[in-house]
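Engineer: Here is how the chains run, residue by residue.
4 protein chains.
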Amino acid sequence: MKSEQVRVGILGVSGYTGAELVRLVAGHPRLELAWVSAKQSAGARLGEVLPSARGIAGLAELVIEPFEPSDAGAVAARAEVVFTALPHAASARAGAALFAAGTRVVDLSADFRLRDAAAYEAWYGPHPAKELLASAVYGQPELHREELAGARLIAAPGCYPTSAILALAPLLMRQLVEASPLIIDAKSGVSGAGKTPTAASHLPEVAEGMRAYKVAGTHRHIPEIEQELSRAAGHDLRVVFTPHLAPMTRGILATAYAQARPGVSAEQCRAAARELFAGGLVSVLDEGQEPDTLHVRGSARAHLAYSLDERTGTIVARSAIDNLARGASAQAIQALNVSLGFDDALGLPEVGLFP
Amino acid sequence: MKSEQVRVGILGVSGYTGAELVRLVAGHPRLELAWVSAKQSAGARLGEVLPSARGIAGLAELVIEPFEPSDAGAVAARAEVVFTALPHAASARAGAALFAAGTRVVDLSADFRLRDAAAYEAWYGPHPAKELLASAVYGQPELHREELAGARLIAAPGCYPTSAILALAPLLMRQLVEASPLIIDAKSGVSGAGKTPTAASHLPEVAEGMRAYKVAGTHRHIPEIEQELSRAAGHDLRVVFTPHLAPMTRGILATAYAQARPGVSAEQCRAAARELFAGGLVSVLDEGQEPDTLHVRGSARAHLAYSLDERTGTIVARSAIDNLARGASAQAIQALNVSLGFDDALGLPEVGLFP
Amino acid sequence: MKSEQVRVGILGVSGYTGAELVRLVAGHPRLELAWVSAKQSAGARLGEVLPSARGIAGLAELVIEPFEPSDAGAVAARAEVVFTALPHAASARAGAALFAAGTRVVDLSADFRLRDAAAYEAWYGPHPAKELLASAVYGQPELHREELAGARLIAAPGCYPTSAILALAPLLMRQLVEASPLIIDAKSGVSGAGKTPTAASHLPEVAEGMRAYKVAGTHRHIPEIEQELSRAAGHDLRVVFTPHLAPMTRGILATAYAQARPGVSAEQCRAAARELFAGGLVSVLDEGQEPDTLHVRGSARAHLAYSLDERTGTIVARSAIDNLARGASAQAIQALNVSLGFDDALGLPEVGLFP
Amino acid sequence: MKSEQVRVGILGVSGYTGAELVRLVAGHPRLELAWVSAKQSAGARLGEVLPSARGIAGLAELVIEPFEPSDAGAVAARAEVVFTALPHAASARAGAALFAAGTRVVDLSADFRLRDAAAYEAWYGPHPAKELLASAVYGQPELHREELAGARLIAAPGCYPTSAILALAPLLMRQLVEASPLIIDAKSGVSGAGKTPTAASHLPEVAEGMRAYKVAGTHRHIPEIEQELSRAAGHDLRVVFTPHLAPMTRGILATAYAQARPGVSAEQCRAAARELFAGGLVSVLDEGQEPDTLHVRGSARAHLAYSLDERTGTIVARSAIDNLARGASAQAIQALNVSLGFDDALGLPEVGLFP
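Protein chains in written order, with my numbering: chain A, 109 to 463; chain B, 109 to 463; chain C, 109 to 463; chain D, 109 to 463.
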């Protein structure tokens, strides 16, 4: 029934996380797309901007509207939930206005992820709404389930942090590995860099290419990874994080290396992850099965695997997610589901697009 | 409610159309996966064979069962509908047994697509159940809607035929083009060749490669295309059909060339297609928009476009589908939906995975 | 010996045909790279702009110089041959100045390909040096060998025209097919669109995508194709030409359709092509072998195949080239080789990069 | 002059390293292809088996011959050098026979790489010619130049070891990093697994997929990496090595992590590599430049870069090679060049195929 539907809006619908939200909301039985907005495409129909929506009744003809923070009240009357998916700082400004107007906000930028305003400002610059940081809940349901119940300001986690945190948090919480050194070698598809064409996304210079970027402690996702893994470990820690660009559209594979505590087995790692993530959207694979970005394409699920290199006493953890789904929009809806009292998986695709 | 669910089975679940059926049935509100079968994987769990199902409650642990035609009665007790997705001839044998046992059968092989048994035998060899050809309905809902209502033996169309027929049928039905020559130049992703690794699917010999195959009237989909386009034209016709392998996983783009009847415009072609396909799952694009396999990836929709080359009087029609979705499993469910009295689109993804 | 070397310059070295010229000149025993120029990169070292040149003695440290037509005399003192690879019109202005200064010019733009200035202006706009059109030789050695001997102004053919002309010229010259309709359905890698990032080259919107563009008589390569095929046929003709973008970096596969004259066989087509192209860089494949862009990647060779669709009397010709090599820079050097009296293949890679 | 040419043979010409040898020998001014052999393709012409050789005079028509060790004498009369590129054990048997017959042998299998027969047998099984291990030279010219002069039995290094050793040897030789832990996270294109189609190379299951394999100390290249890095460090050491499959054909990117000795800078690492590799085929990139497999595609060169993560004191080294060129066939020819007294780079492509 219509009366049971939750009306949602998407701010920043022309970007890739916005497009993915459209796909996921369209398949969700309790969400109804009521409002879409994007700065540069304002005035266009959704079907003009998002080719996968062409010809679909109720979607293709939606008009993309402009938005200023002063419109927040009017938007709140039309949408009970708004996903904000704008560049950082702009997203916080919009989110703050919508939150103040009574809308439930799920923010997909980095703006509400760090609890420490100083850390935010060191990596991103001035924060336009730092007073809200204490109200925001980090939207990884497997690790913040209780805080998410009823939450009205949710920070959807970053893509790389999602892959790294899911892989390592169980090991740190159960003290199965040493907290230093932690090395995270992550490989991402190109869609993670967004919709703007650049040399780094130009097919002739990306296909058949594999390379690192922002090496040696310079990527902005580091403080977010360290915040959550420090929380898991119970003390501050630091990570070595190297992002790579792989010649594909979607997906992140993170390979993480940590020193095993004496006597720890791979099976103990799997057991810890299974216990911690029960009820969530994480598949801890059996020995012999390997996480692969293709296996989770389009899915809300993460795949995890653990091995022990006995020659060196190293735990090698692997984690595969779809950066736009589990690493962004699907996890945002999963967090919204939990905040609304729904099942984590409600309306979300769990079986990915394979092949 | 459980009592409202239609229990379905999938025979040939280990292949790609089987895998796609699992994905689509899992997202369908009225279908429930009750039985899965595959010859070589019998005894395994679904999650072992289909990596995208790993860790998903209710799917991963399903046991893949063996099947012999003599099992049809037992299967009929567990599943009201069975999708048969076996190699040709084997599919007909299984389908015939299940049909006789009272199951509704949706066959994804070529076995029930041709109404003319002689044509079948010329291209495929002996038909094991030719007496059923008259009972089978060609499952393209936009063109066979009335026959599909209540149908109990449905032949899901082939992937290339779907792309070609949707593009050209409106032009032939409305007599907008000459029926000869009709040239169909189709480009397919590699998944169309199935799950068995061969040199023609070996990534190092396919990536960065574009080539034709089975040229000059030798591809088995030709009689199916000609059957449906002859029906549309009201008389027998022949086509030139060239399939190509493109370096991608999913999708077919068909580019078709036909001589325009005097005075015919591209807009008349678009109008004919819009009228014919109203209520179905076809998006006829506006001038300036271009069908692209990426825009329909994972979607049940087809995208069509038409242009007139005024220098030569040629209509150039383009059609994009996902070969595994609209070209196979999603169209099979669309046809089942129509046969069960549901909306075409019920439970089917219309917004594709973009990007 | 140094005294035997021909000193060459490349104007427009920062683009893809410029990069390919660097690769090919570096491997040529009689050419020596003496001067490189590019507008936006002027002042940089070649290794900064062309990553494949990094660390290579004699290349990486070459300074990219600016160029104005008034510099032509100074350049002529340093380079006996200059490849001009600039946008159209700019290329003609530079080429005219260098030609006047006594340099041998091989132009890779469209500026000197059309003999008919009116046709040029209809498709490209005003021509800055139309008085030179009569002096220019169309640089396809297999078809213009005699004119190329000693030529000092060479128009390197376009990529699509190369693929189409090689496939169809033998059939038209030997009157094996009707001249109308001629349908050319061509599939190109993304590098054909050049180095500037756009949505049409953005990996997330291109990988897994196949689409037509500039359909129905609107692509600028049409007059060039028609000029050369009309010459082959001995009378004016028109073609239907549809370019497509395939999800790969390099390569063009052209599939061409023509009506066979009565009694003509595929073997006659092969024989005609083998005879016409003897001594050149064209491989006419045996029956059962199929041209594939991957088989000619990085190579100066074209692969051709012919089949007869007996059901409809249609000759289906296929042609595969590397758009940057045979379709641009390698063919430019092949033409230069012929103009200098060398063998066609001197210094050119014939064995492509497979896999 | 013919008399100056070195006649070479290729045993195992139907595989990918064999195909790459054909390409490279064809472009080498002092090598002449005199004999080709392959077990399963014996009797066929090279152009039938290697599509990139089709139509090329002197190559396409070469007959692929069978080979048994008893043929070694006859082969030695026809070829002064034979590249053996067979599966392990078979390669040693053939190489031993050819070596005994007086042929110079460059072996591309793993058979002559390990100096310790026990290590070989632990990872590969019985060695059929262990008495020759002491005669074999490890064919990485930058690190074994003196031993290679005049060498008649050369073990071409493995692809992963090449990428790892080039990155880390300079750091260990100059004692810039601690020898433990050493973590090597390597990403390879699919061609590394060879020509036989398997599920792990099937495009629909590889494109858009990124995954690890043979994790946690189980890959056979580990003893080779440890042998050479132990030699560089001056004492035995162990590495953590994780190979990954990336959705591309060629290339390996290795990202290696080591603890910096106090006070060590990235610039010191670059300087050490530049000094050690002077005269070889290694480009040590400047700060801000990043190794990318696409930048070395088809090239004999390796690209290296070094950074210091100051937050954790970790050196992050990156190394990019083409697995079939620098990681196999081109390095084999480079080693042969050195053994014959030629320049390292003679006849080898240094400028890769970019884009």
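Treat the hints loosely; a few may be bogus.
The list makes no distinction among identical chains, and a pair is therefore deemed to hold if it is satisfied within one copy or across any two copies.
[Claimed, not checked] In silico DSS-like links for lysine-lysine, alpha-carbon gap of 30 Å or less:
(1) Lys147 to Lys303
(2) Lys238 to Lys322
(3) Lys322 to Lys303
(4) Lys147 to Lys238
(5) Lys303 to Lys238
Hints are computed from structural coordinates only; laboratory data are not their basis. Computed from a predicted structure; not experimentally measured.
Engineer: Now, for every hint given, state plainly whether the structure supports it.
Structural biologist: Each hint tested on the structure:
Both within a single protomer and between protomers do lysine 147 and lysine 303 lie at most 30 Å apart by alpha-carbon distance, with minima of 14 Å and 28 Å respectively. For a Cα distance limit of 30 Å, the shortest separation of lysine 238 from lysine 322 inside one copy, 27 Å, qualifies, whereas the shortest one across copies, 46 Å, does not. For the identical chains of this complex, lysine 322 and lysine 303 are neighbours both inside a copy (19 Å) and across copies (23 Å), given an alpha-carbon limit of 30 Å. Taking CA atoms no more than 30 Å apart as the test, lysine 147 paired with lysine 238 passes inside one copy only; the shortest distance there is 24 Å, against 46 Å between copies.
For the homomeric pair lysine 303 and lysine 238, the shortest alpha-carbon distance inside one copy (28 Å) is at most 30 Å, but the shortest distance between copies (42 Å) is not.
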